[in-house]
Amino acid sequence: MIQPVVLWSDALLFVLIAVIVALTLWARRQDALRAAWARVLKDGVAMAAATVLAVFVLIGLLDSLHYRARLPDQPGTTARYAVEVNSALDALLSDLRLRAEKTYSAPLATHLYAKEALENSTQREFPRLKHGGAHLGQDLSNREFDIAIRVSRGCAGGLVIWLLLATLWCRVRGLELMASLKVGAGGTASGAIFITLLPILLLFGIAISLGGGYHVFGTDKVGQDVLYLSLKSIRTGLLIGTLTTLVMLPVAVLLGILAGYVGGWVDDLIQYLYTTLSSIPGVLLIAAAVLMMQVIIDTHPQWFATSAERADARLLALCLILGMTSWTGVARLLRGETLKLRELEFVQAAQAFGVGRFAIMRRHILPNLMHIVLIALVMDFSGLVLAEAVLSYVGVGVDPSTISFGTMINTARMELAREPMVWWSLVAAFGFMFALVLAANLFADAVRDAFDPRSSV
Amino acid sequence: MSILAVKDLAIHIGAARPVDGISFDIAAGECYALLGESGCGKSMTALGIMRLLPAAAQVTGGAVGFEGGDLLALPESGMRDIRGGGIGMIFQEPATSLNPVLTVGRQISEALELHTALRGAAARARAAELLDQVGIPDPLRRLDEYPFQLSGGLRQRVMIACALAGEPRLLIADEPTTALDVTIQAQVLDLLDELRRKQGMALFLITHDLGVVARMADRVGVMYAGQLVEEAPREAFFAQPAHPYSVRLFAALPDAERRGGRLATIPGSVPAADVRHEGCRFVERCSEVMPECRSAPPSWRDVDGGQRVRCFLPGAAPAVAAEVGAGDTAMAAGSTPLLEVKDLQVHFPIRRGILQRAVGAVRAVDGMSLRLMPGRTLALVGESGCGKTTAGKAMLQLLRPTAGSVQLDGVELTTRSSNELRPLRAKMQMVFQDPFASLNPRLRIGDIIAEGMQALKVGAGDAAAKVGPLLEQVGLRADMVTRYPHEFSGGQRQRIAIARALAVNPQLLVCDEPTSALDVSVQAQILNLLSDLQRDLKLAYLFITHNIAVVDYLAHDVAVMYLGRVVERGTAEEVLRQPRHPYTKALLAAVPRVDGARSEVPKLAGDMPSPANPPAGCHFHPRCPLADESCRRAYPAETLFSATHAVRCIKAV
Amino acid sequence: MLAYIIRRLLYAIPILIGVNLLTFALFFVVNTPDDMARMQLGVKRVTPEAIQKWKAERGYDKPLVWNAAAAGSATLTDTIFFSKSVRMFAGDFGRADDGRDIAREIGQRMGPSLAIAVPTFVLGLFVAISFALLLVFFSGLFYIIGGQWLVSKVWHLVPISGYSGGLDAAKFLILPVIIGVVGGIGSSTRWYRTIFLEEITRDYVRTARAKGLPERVVLFRHVLRNALIPILTGVVVVIPTLFMGSLLTESFFGVPGLGSYTIDAINAQDFAVVRSMVFIGSVLYIVGLLLTDLSYTLADPRVRLQ
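Chains as they are written, first to last, in our numbering: chain Y, 1 to 457; chain S, 1 to 653; chain L, 1 to 306.
Do not rely on the hints blindly, as some may be mistaken.
Said to hold, decoys possible - Result set (SDA-like, lysine to any residue): computed pairs, CA atoms no more than 20 Å apart in a straight line:
{"id": "1", "chain 1": "Y", "residue 1": "K340", "chain 2": "S", "residue 2": "K457"}
{"id": "2", "chain 1": "S", "residue 1": "K7", "chain 2": "S", "residue 2": "T96"}
{"id": "3", "chain 1": "L", "residue 1": "K55", "chain 2": "L", "residue 2": "A68"}
{"id": "4", "chain 1": "S", "residue 1": "K427", "chain 2": "Y", "residue 2": "G356"}
{"id": "5", "chain 1": "L", "residue 1": "K55", "chain 2": "Y", "residue 2": "L246"}
{"id": "6", "chain 1": "Y", "residue 1": "K340", "chain 2": "S", "residue 2": "R259"}
{"id": "7", "chain 1": "S", "residue 1": "K538", "chain 2": "S", "residue 2": "G306"}
{"id": "8", "chain 1": "S", "residue 1": "K427", "chain 2": "Y", "residue 2": "Q348"}
{"id": "9", "chain 1": "Y", "residue 1": "K340", "chain 2": "S", "residue 2": "L398"}
{"id": "10", "chain 1": "S", "residue 1": "K457", "chain 2": "Y", "residue 2": "K42"}
{"id": "11", "chain 1": "S", "residue 1": "K427", "chain 2": "Y", "residue 2": "G354"}
{"id": "12", "chain 1": "Y", "residue 1": "K42", "chain 2": "S", "residue 2": "G14"}
In short, the hints are calculated from the structure, not lab data.
Whenever a hint applies, use it, and build me the whole structure from the sequences.
Written out as structure tokens, the structure reads:
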């Protein structure tokens, strides 16, 4: 029926997920790591943040299962597939995706935001939306009532699902329902998870119920549903936040440890390298690199079969550029820490046994730096999500056809100047980004507190 | 009339009770010593009295009477007048306890301005006077210096001057000399004693060192797991300690009389502060346990002469019978040396200027020679900064020497590349000072011990099988191989470090202050283990230490280092009983003795000079009481007093 | 100390050369001038003549690093590398695509940039430090209210919401400054607070309290003096880059400074301007590093007197 398409970024994302799963299994067997993660698991705020993050990741993963739909068979030809590449999320949200209006409309509106000349009339009026509130027919008086009904129906649905999940959990764990809601019950802060899940499920219920008849967050300039755009932006944000770190980490770890442990001219060279790179203002270096990348992509159109592939290549290149310009900070940090570790007595004990340089770096230095690597990884995430928005604003971010928080804000910026103001795109993009970044920051803080021996304050 | 009356003071940190109902009085002008091992709540008690506890800790009960008023009932502003004014306090680490970016004068005068009417020039003059009073030469110049420009001993004197600025009636000294070298410790203790006598100031001294107690205290309180277990006047305490814990503390002290024998140890460790106690706190480690010890906490019982004890045992606790050892563990001297070091030099270049050229060198080790026979223990003694640790590492080629020769079993090491050295590394191993830094926290014990066997291909193949027996050999259980270092106490970690070194069957073990981070009862366990291993495995030890008592207990030969060179060497008997070098004499005299005896040898003045710029001629002459013009001319050659006893001093007789 | 500063100055030279080589590689080796021309002119209506003309107008028609056709020293000087990269050291940045002299443009736009950046920087530093001190001083109280938590976490995000907040009064300098200050408060307060909290657990603070000093004096005389040293190193490095202006604030509020200049150049794909800004930014950053070293030696007696 369909032809699966695996974009490069999809493949990397799934590899990343596999690596995380493997690392989790490995960490379960390491006492020190398990103890640190257990501290994170017991932290109510951290688990609430993790729940929110998990929802975002789920949406992002759904959006990473790409396919091309099969076109209706013509007799006598082989199967043909659509040029357009869609994802599982697109399929789930096909209602939102396909029910486009002509141009702007406010959230839950029934009419367009711009006056138009109606047929058979010289007057300019706000025309009815094609989809938003279409089920109401001509009688708009019960719109408020309809919305209230839908909201309460959505709430009820969300509550029912939440209760089902909670009872199921308690059955499995053999706990009383109310007892499980206490923070710290059963070793992890499952209470925090469920308390966070409740509003999430309620919001989901309301969104689904309202989304069936209205544009919950309105529509943008070309009439696309803003809720749909916001959900699609999540994948872009997640990719930039994770793949960039993935590109940067091996370089940073290798060079940082080499500089710190080997010393001498190796240290001088690596220090020169990162001082030079970091002396160029970050945004400018990225801008310059992105401009050059754009030239390459534009002069080689034959490399890309579909526009989705081209946008994907540009996204990956952006991750690469962001990664290559941001490894310097982590490398510097790791170099300093390696210098301290090198003087510790257990490293000297290994030297007294004649253990080789690289074996010492692998066995004694690297494992004692992993907490810094992890902290850098989670702390950088939110910064990168924000950086994407800034870069897209400056005009050197993702491909303009890629839906991202940055492109949403960039286009919404123009609309703010309209009178009356079109505020909903911006608010939606900020709302989603705020939730993502706040959750990531809170989670990162908890991880840092659990892993960093010095942050006991 | 007591100046300080602590009554049932209790301090909690969450569920933990580091101080759990402690009561004692200090009379005006008296020196009261609070004695105990680390983690028993001594410092918490002092901070609780000053109301300077860390945020997590809280005083949950009791009263602190000072000159009639209750400090715990005072408002914070009232307490500030007491701090520095009524009660002064000095801390253990002079290196970190002074503000690094304020001048010495500023730090003293701010206390003066707070507690006296002196301001400006008058305060400055008084600050100089205080520096002079605490024995700092050239005080006017020192006023404008920063703490980092002073040596450790001078910094501690500045701390004392700060504390004296408000003319307190009570001085709390929290381990004031623990971070200092023994000759500097003697200076600071003398200073404290003199100040106390001159000014009639009471002194509340917190220490773990029985020698310091014997030197300073009028009365002693022994603290254990948050409570006092014994309180006595000094003479009574040192004549006949009453609590089994006190008795064992004495028995665990190494000294010459216990040579060849085993030291008494206290099994187990101090209970954690969050343990609830039904009966006596010492019950798990006591050798005299009776049924009632487990059911109810013992109350105070007066012995006599002001001595009282918290123990059910009638009369004083019996002395611990010294266990008989297998006699001296040394092999006969006279065979070929295992380790022969000649004119060893380790210089670190000092780089200056635009092009970072070497303009000089820190002469950490500057031509030292020594010889270690197989199966014997050579103690390398000296104060911090004399180069003894650097010398030890250079002998093992962990640092490459600048010049000189190191021969192990007749094989020259200094000319070999690191690959050529690898087969020889199994013969020589090292045990480090800090048991918390010497084990990789991310590796299991089994992997830590097997690392050397794998790297050096010793016991090919069955490295894992050998780990269990090794652990048992050092007194641990074989099933501990899968644990991680953080699950072990300091003493246990040091055992693991010893097992790691033993795994490759070395003949020479360089022990770099292996017990200096440990409490005295745990130190005894490690010293016993080392002498057992020497007897069984015929190991030779190069024992690097500053602790004369340990040297006296276990060394066969002694080399005394000063500023990168060995100034005196010989058998332990020769060096420790008939020292010839004035530095050795002063070093031995500076050690506070448990019997309270004072030495007639004059104390050393001043500090050790910098190894970057050693004095001309004999390095020791600026501090030497015997020095004259001839000492300034050339470094003295070795004078032999016997076949083994050599001294580098032209005045030695 | 003088030798130290001279040494740091000398070290800046290879770094500047490195930056120069990097920008050269990025702009002329990764993509040839032909590629740039094709992109600027649009792929469709491009002819070899148009490309040649475009290159000749901008001086990109020379060989990259070695002019075999020229004689004498011109084999090296009559090249793109020399005329476009090496001459940057002399302050010659060439012309922008619209024909204006870049160096002149930069000189003119520096003023407005500084007018925003300097007040933002000074005010921001002052507010953040006093705020962090307050947080440390009243830490107990703030924890109870939970305000501290919200402030650092939520204000971390504020730079973004600056877009929507400041629309109405874009022409006034005061608004971008306030937004810049508020936007920076979150992260810097958080950072300073960590430094203060670390400093306040040190032994010398306990000593100061044991002297009977009031908490205010302990904080301002002892803690602040020590904490300022790491803060200084983080802050001084930024000062020279103030000349570069703020990309977002300036472009958003339409201030004709260097920040908006850069953004306009990026959007117009004016490579000459972007290249110049990269170079100037690096020079200013390196000056910042030097100033940091200098201020460090002045502020910390341990460095000054050794």
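Notebook entry, point to check: If you draw a straight line from the CA of K7(S) to the CA of T96(S), is it 20 Å or shorter?
Noted result: Roughly 32 Å separates the two Cα atoms, so the pair is violated.
Margin query: For a C-alpha distance cap of 20 Å, please report whether K427(S) and G356(Y) respect it.
Written below: 18 Å, holds
Notebook entry, point to check: Has the given pair, K340(Y) with R259(S), been kept, meaning a C-alpha gap of at most 20 Å?
Noted result: 40 Å, violated
Notebook entry, point to check: Between K538(S) and G306(S), is the straight-line Cα distance small enough, at 20 Å or below?
Noted result: 50 Å, violated
Note to self: For a C-alpha distance cap of 20 Å, please report whether K427(S) and Q348(Y) respect it.
What the structure shows: Since the Cα atoms of K427(S) and Q348(Y) sit roughly 16 Å apart, the hinted pair holds (cutoff 20 Å).
Check: Within 20 Å, alpha carbon to alpha carbon, are K340(Y) and L398(S)?
Finding: 17 Å, holds
Notebook entry, point to check: Does the alpha-carbon distance linking K55(L) and A68(L) stay inside the 20 Å limit?
Noted result: Cα-Cα ~19 Å, so holds.
Next item on the list: For the pair we were handed, K55(L) and L246(Y), check the Cα-Cα distance against 20 Å.
Entry: 39 Å, violated
Next item on the list: Take a quick look at whether K457(S) and K42(Y) sit within 20 Å of each other, Cα to Cα.
Entry: 44 Å, violated
Margin query: Check whether the Cα positions of K42(Y) and G14(S) lie no farther apart than 20 Å.
Written below: OK: K42(Y) and G14(S) at ~18 Å, within 20 Å.
Item checked: Given pair status - G354(Y), K427(S), alpha carbons within 20 Å -> Roughly 12 Å between the alpha carbons, so the hint for K427(S) and G354(Y) holds.
Checklist line | Pair hint outcome, K340(Y) versus K457(S) [Cα-Cα no greater than 20 Å] | finding: 29 Å, violated
Hint violations for this structure: numbers 1, 2, 5, 6, 7, 10, all remaining hints satisfied.
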